[in-house]
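> The residues making up each chain are set out below.
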Amino acid sequence: MLAYLTDINRLRIVKIQDVKEESSTVKTFTFRDKQCAEAKPGQFVMVWIPGVDEIPMSLSSISADGSSSITVAEVGEATKALHQKKVGEVVGVRGPYGNGFALTGGNVMIVGGGTGLTPLVPLAESLVRLSSKIVFMIGAKTRDDLFFLDRIGTVVPEVVVTTEDGSYGLKGLVTELAEQFLEKQSFDMIYACGPEQMMLKMFLLAKRHNTPFQASLERYIRCGVGICGSCCMGEYRICRDGPVFSGEQLEKVRNEFGLFKREVDGSKVSF
Amino acid sequence: MSNRLVTEIAGLKLANPTMLAAGILGMSGASLKRVAEAGAGAVITKSMGLKSRVGYSNPTLVQVDCGLLNAMGLPNPSVHHFSEEISEAKKEGVPVIISVYGFSSKDFGEAAKVAAEMDADALELNVSCPHVERTGSEIGQSPQLVAEVVEKVKSTVNKPVFVKLTPNVVDITEIAEAAAKAGADAITVINTVRAMAIDVETTRPVLANKVGGLSGPAIKPIALRCVYEVYRKVKIPVVGCGGVTTWKDAVEFMLAGASAVQIGTAIAFEGLSVFKSIAKGIDSYLEKMNFGSVKEIVGLSHRY
Numbered sequence: 001m002l003a004y005l006t007d008i009n010r011l012r013i014v015k016i017q018d019v020k021e022e023s024s025t026v027k028t029f030t031f032r033d034k035q036c037a038e039a040k041p042g043q044f045v046m047v048w049i050p051g052v053d054e055i056p057m058s059l060s061s062i063s064a065d066g067s068s069s070i071t072v073a074e075v076g077e078a079t080k081a082l083h084q085k086k087v088g089e090v091v092g093v094r095g096p097y098g099n100g101f102a103l104t105g106g107n108v109m110i111v112g113g114g115t116g117l118t119p120l121v122p123l124a125e126s127l128v129r130l131s132s133k134i135v136f137m138i139g140a141k142t143r144d145d146l147f148f149l150d151r152i153g154t155v156v157p158e159v160v161v162t163t164e165d166g167s168y169g170l171k172g173l174v175t176e177l178a179e180q181f182l183e184k185q186s187f188d189m190i191y192a193c194g195p196e197q198m199m200l201k202m203f204l205l206a207k208r209h210n211t212p213f214q215a216s217l218e219r220y221i222r223c224g225v226g227i228c229g230s231c232c233m234g235e236y237r238i239c240r241d242g243p244v245f246s247g248e249q250l251e252k253v254r255n256e257f258g259l260f261k262r263e264v265d266g267s268k269v270s271f
Numbered sequence: 001m002s003n004r005l006v007t008e009i010a011g012l013k014l015a016n017p018t019m020l021a022a023g024i025l026g027m028s029g030a031s032l033k034r035v036a037e038a039g040a041g042a043v044i045t046k047s048m049g050l051k052s053r054v055g056y057s058n059p060t061l062v063q064v065d066c067g068l069l070n071a072m073g074l075p076n077p078s079v080h081h082f083s084e085e086i087s088e089a090k091k092e093g094v095p096v097i098i099s100v101y102g103f104s105s106k107d108f109g110e111a112a113k114v115a116a117e118m119d120a121d122a123l124e125l126n127v128s129c130p131h132v133e134r135t136g137s138e139i140g141q142s143p144q145l146v147a148e149v150v151e152k153v154k155s156t157v158n159k160p161v162f163v164k165l166t167p168n169v170v171d172i173t174e175i176a177e178a179a180a181k182a183g184a185d186a187i188t189v190i191n192t193v194r195a196m197a198i199d200v201e202t203t204r205p206v207l208a209n210k211v212g213g214l215s216g217p218a219i220k221p222i223a224l225r226c227v228y229e230v231y232r233k234v235k236i237p238v239v240g241c242g243g244v245t246t247w248k249d250a251v252e253f254m255l256a257g258a259s260a261v262q263i264g265t266a267i268a269f270e271g272l273s274v275f276k277s278i279a280k281g282i283d284s285y286l287e288k289m290n291f292g293s294v295k296e297i298v299g300l301s302h303r304y
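Residue numbers (the numbering used here), protein chains in the order written: chain P, 1 to 271; chain G, 1 to 304.
Derived from the structure by calculation, the hints contain no laboratory data. All figures in this text were calculated on a predicted structure; none of them were measured in a lab. Careful: at least some of the hints might be erroneous.
Said to hold, decoys possible - Looking from chain P toward chain G, a few residues come up when the C-beta cut is under 8 Å (computed):
hint, residue
1, 48
2, 51
3, 53
4, 176
5, 227
6, 259
7, 262
All C-beta atoms, glycine included, are put in the ideal place defined by N, C-alpha and C.
Turn these sequences into a full structure, and let the hints steer you where they fit.
In structure tokens, the structure reads:
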């Protein structure tokens, strides 16, 4: 029965060791946690902001020295409260949960939109060790929304940035740029994370170019352990079967992926 | 799966005596269908009420020493919006049971009426949620209120009605008898045990709702005792629920008097394969002990 209780599920209180401002709306919080230090890129943790909320966050760094981080955009009450946390203050974590990305070698395209970029950076850092050739594409609305460029630049030689207003990099949507690349070169895998419409577009592009695909999806998560059903998408539970899904899996939920998600009360709402 | 495992409860035919417990994965038809595919003998939806509910803020779940503690707060899109999900869930061919809750017998009657118009095979009345006020255990702790709710539902719908009881009472048999007398077709024993967790470093209760329901191995001996006591007092089938993780747990419940068992928390630790592994384990036990049917072991321990 001892196996029943897992260290991963245990709520641990961790001290914030570092807070870094990545952009005007995004901050990275670093903490030390044994379980998180052993996470796979693409896994997430449930972060408890005592007295406020508990939210799922992808790990934005997983390092061998035992420290991990989450990178958080201020978008609501919970993330606002988190943004006010300073070094030395505490949050709770449980996890890491979910499957994480399946690592692959060869010629790889990584496409991140907005804060969806976060889990893709530790992914790129792991892929580099597999000596893959990587093209890292970043899409943002505007220059001010960009972050992690330096960090990505140190591990990936080929980084391409698009902004919708043209204030940095190429003007346009990252999916348009990805399409141009796919027309010229062949890739062994496309990894995507960002707004669901963007991922849907990438899924369709990958399909058209016969390229294996993985995307990390987001839904409202409560339990994190695959029992409450809040984060369901078709037959899948985002927290347990995902958050990373292959193109084949997404094909099975085409009547839901990119079309609608479930609200906090379980009702369907269109994207 | 073997014919030995086939059983019947309140007119529902189950290929094996494992059921998905209410509140677990029952937010969508596709989820319910997947659990049925994974081997559950029947599936139960999340509890549905007349109006949608967003439930409580997170944390809604935390692991404690011997199980899980949760206070979801009955999130649901309302029973009115569940018809399509039930049709989807039904595709696998296993019985689908709609769990309903209400704040009064009138609510229960109305919710049951809407649920009964769907393609569901039975209803389960949640008079035992330990963490939402004015519904659940506040009804389930009173034999009079339980009887009132059951009578109302039975006079409104023509479907088998399961009543899920709370262990947070002095004498659970009193409530079970009241439900049976009012016309319940089966009794599910038990819902979670009212409990809480406090974090010493922040000195705060962990759950946003402070108090929740304990599930998992911690409550199995309590649930087993409740099944044992209820089985002695009522003639209708009893369904065991509470900490069933292995086939041995399931067999214990059946020996205590359960016709079937419900599984929930174990999915977090064992995955969805838990239904098949428990059913297979029960089957091996029946074979080893020379029983021809799972029905033969129900209540066997009462001989002593």
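> At a threshold of 8 Å, is the proposed contact between residue 262 of chain P and chain G supported by beta-carbon distances?
holds, 7 Å
> Per the CB criterion, is residue 259 of chain P less than 8 Å away from chain G?
Nearest chain G Cβ about 14 Å off; hint violated.
> Tell me if the interface restraint on residue 227 of chain P is satisfied: Cβ within less than 8 Å of some Cβ in chain G.
holds, 5 Å
> Mind checking the CB of residue 176 of chain P against every CB in chain G and telling me if the closest is under 8 Å?
Constraint on residue 176 of chain P not satisfied, violated at 33 Å.
> Next item in the hint list is residue 48 of chain P. Is there a CB on chain G closer than 8 Å to its CB?
holds, 6 Å
> Would the hint on residue 53 of chain P be counted as holding, given a Cβ-Cβ threshold of 8 Å to chain G?
Where the cut-off is 8 Å and the nearest Cβ of chain G is about 5 Å from residue 53 of chain P, the hint holds.
> Any CB of chain G closer than 8 Å to the CB of residue 51 of chain P?
Given a least distance of 6 Å, the restraint on residue 51 of chain P holds.
The earlier numbered hints that this structure contradicts are 4, 6.
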